[in-house]
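Once you've looked at the hints, dock chain U against the given chain A.
Same order as they appear, the protein sequences are chains A and U.
Under the numbering used here, the first residue of the first sequence carries the number 1, and numbering increases by one thereafter.
Under the numbering used here, the first residue of the second sequence carries the number 1001, and numbering increases by one thereafter.
Calculated directly from the structure, the hints in this document are not laboratory data.
Careful, some of the hints might be misleading.
What the hints assert, rightly or not - Below, in silico cross-link-like pairs of lysine-lysine (PhoX-like), each with a Cα-Cα straight-line distance of 25 Å or less:
#	chain 1	residue 1	chain 2	residue 2
1	U	Lys1114	A	Lys261
2	A	Lys71	U	Lys1111
3	A	Lys71	U	Lys1174
4	A	Lys71	U	Lys1241
5	U	Lys1168	A	Lys261
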Amino acid sequence: MTTISSPVYILFTKNCLLILLLITSLVAKVYAVEWSGYATVEYQRFVHRPLYPQQPRENLSGAVQLSFVHKWDNGQQVFAYVPFVRLDQHDKQRSHGDVRELTWLRATNNWELRLGIRKLFWGVTESQHLVDIINQTDLVESPDGEEKLGQPMANLALIGDQGTVDIFILPYFRERTFPGTKGRLRTPSPVGDEPARYTSGDKQRHIDYALRWSHYIGDLDIGLSYFDGTSRDPSFISTGTTLIPVYDQIQQWGLELQATKGSWLWKLEAIRRSGSTSSSDYNATTGGFEYSFYGVFGNSDLGLVMEHLYDSRGNLAPTPFQNDLMLGLRWAMNDEQSTEALVGVIADLPSKGGAYSLEASRRLGENWKANLEVRFYQPKKASDPLFVYRSEDYAQLEMSYYF
Amino acid sequence: MRKWMLPLLILLPFNVIAETPEEKGMAIAIKADKANTGWQDMQSEMTMILRNRRGDETTRQIRNRQLEVIGDGDKALSIFDSPNDVKGTAFLSHTHSNEADDQWLYLPALKRVKRIASNNKSGPFMGSEFAYEDITSQEVEKYTYKWLRDESLGGREVHVMEHYPTYKHSGYTKQVVWVDKERLQALKIDFYDRKGKLLKTLTAHGYQQYIGKYWRPAKMEMVNHVTNKSTTLNWNNYKFKNGFGDRNFDKNTLKRSR
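This is chain A alone, in the form it adopts within the complex (with noise of 0.2 Å):
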């Protein structure tokens, strides 16, 4: 076991960036021409002065993602290999390094075998991800959750007539990033001073199963599964000056839907999980629509998205959505410049609390794109978990030049 997974726990110790840099020179070498990817310059300014001394007002930042793919046998065997870098002007925590993926492909007519590290994602809704559990939250890179880290995984996806089951062994637990004490988005007591706590005795040696089965029916798609390992989600115990993770061992099984009706798409996430503190032991819930009006404004396309976030953990929940009504206007140009925005709001009902957001971009060019992000938080009791980013508020632009 030792021998196979310790190059894996290399690649994620502190000598990440170097091992990254050299594997990525050596492969530039042998296939100059596969490689694509993108730079990206980011500030960021928040409305309030912070709430601790250490923290900037403003924050500049760059990253890069190169990606190469090698594709042969007729494309049923693929190497992938996308590595990121992000730099931070204050935080030292979100200057880090990710592989996103290095693995390799094995397609047939029936299955697809996969080793190595990779992203993927699980579900159907907008507002939150509650049956993707395979790769763990890039906290760092935006608050939203969106952003991944890649996971280590040996996965088998048998494909027939009646769907397609996945078999996944995922042998490396990848922690939770999260900022530092120079950064902004942080809990008052930041997380990351002392070393993560598991319930399992392997700590991040357990080896997690997880199965899923998708398929769709007519205008319905329908994915079921089950994951037995270690929670992406701590918990966390204070120190007084630190908070430490706590990743406890849970089963989840995992309901993804959507009906799509014309100009309705009708989506809901389920979620059962059990664990052994009181915090990893719930049901979960998000549902709800999206409506789309098309040729607006000339040839605009403007989604109407509606979702209820619901916890079975109320008001113990460590997530702000226990019991939430997500609003949304998504808005698609459909110009050359694939200019869209989106704007959205989610509203605590028993607060009346919320986050607002608004996400815009624009391609400038053939190789240009510009990102807005404006984030809001208005949570109105000390006991929303979004209380920490009651001073957060910010607008953040991005300038990437794709390759």
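Same frame as chain A, but now just chain U:
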């Protein structure tokens, strides 16, 4: 012979002689569909050039694969190679002649497959002057027809026909189509919008015959008369009978098409 068949027998030759323009249009459409049946599967590369009013150009590269489905609409998978920010984005459609198409989009940055609504057929494809309904599989049932006249266009003998979309969300009230009499392929189409006004004109050029039977254009030009924008599609590397099956057009293949 029963008595009631007698009037039918009298009517029959009369009908054949006085074929209405609608019947003649339908007959041509069926003949064209038949001539384009049996190609099984096909792949091609497409360069899309978008031109705005001032003549500024932007380019997109797309790889296409199609599977012929007898008795229903075809299946298609398109993979975008450029612009670079959408590289790897892929679009899968299972078209149907009588019900809504099934469409999925793969977003490589999120690794997410999204089932998308398929009733926005009149919307622009990739910011171009082509609508989704202009480029998806053309089934006989998708229109009713009327033959107008025969004439010659650019040295080719053509039927001039009107196509009326049966699909209620179509962006058009009618299309006037110039069909090559011999090759049974459209050389020119005028698109009339929902108000009945001339909106766009499509011309197809450089038809070549593949595997001894099927005609495909090397270039298509769509001009929007309202906005003065235009889009050119250049087609390369048509390959027929690649041995594709349903499996090459499922969600699993969509997810790994990069």
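Please verify whether U:Lys1114 and A:Lys261 have alpha carbons no more than 25 Å apart.
14 Å, holds
Given the hint that A:Lys71 pairs with U:Lys1174, does the C-alpha gap stay at or below 25 Å?
Outside the cut-off at roughly 44 Å; violated.
A:Lys71 and U:Lys1241: Cα distance at most 25 Å?
21 Å, holds
For the pair supplied as a hint, A:Lys71 and U:Lys1111, confirm whether the alpha-carbon distance does not exceed 25 Å.
Holds, because 18 Å separates the two Cα atoms, which is no more than 25 Å.
Within a Cα-Cα threshold of 25 Å, do U:Lys1168 and A:Lys261 meet the stated pairing?
Holds, because 15 Å separates the two Cα atoms, which is no more than 25 Å.
Checked against the numbered hints listed earlier, the structure breaks hint 3 alone; every other hint is satisfied.
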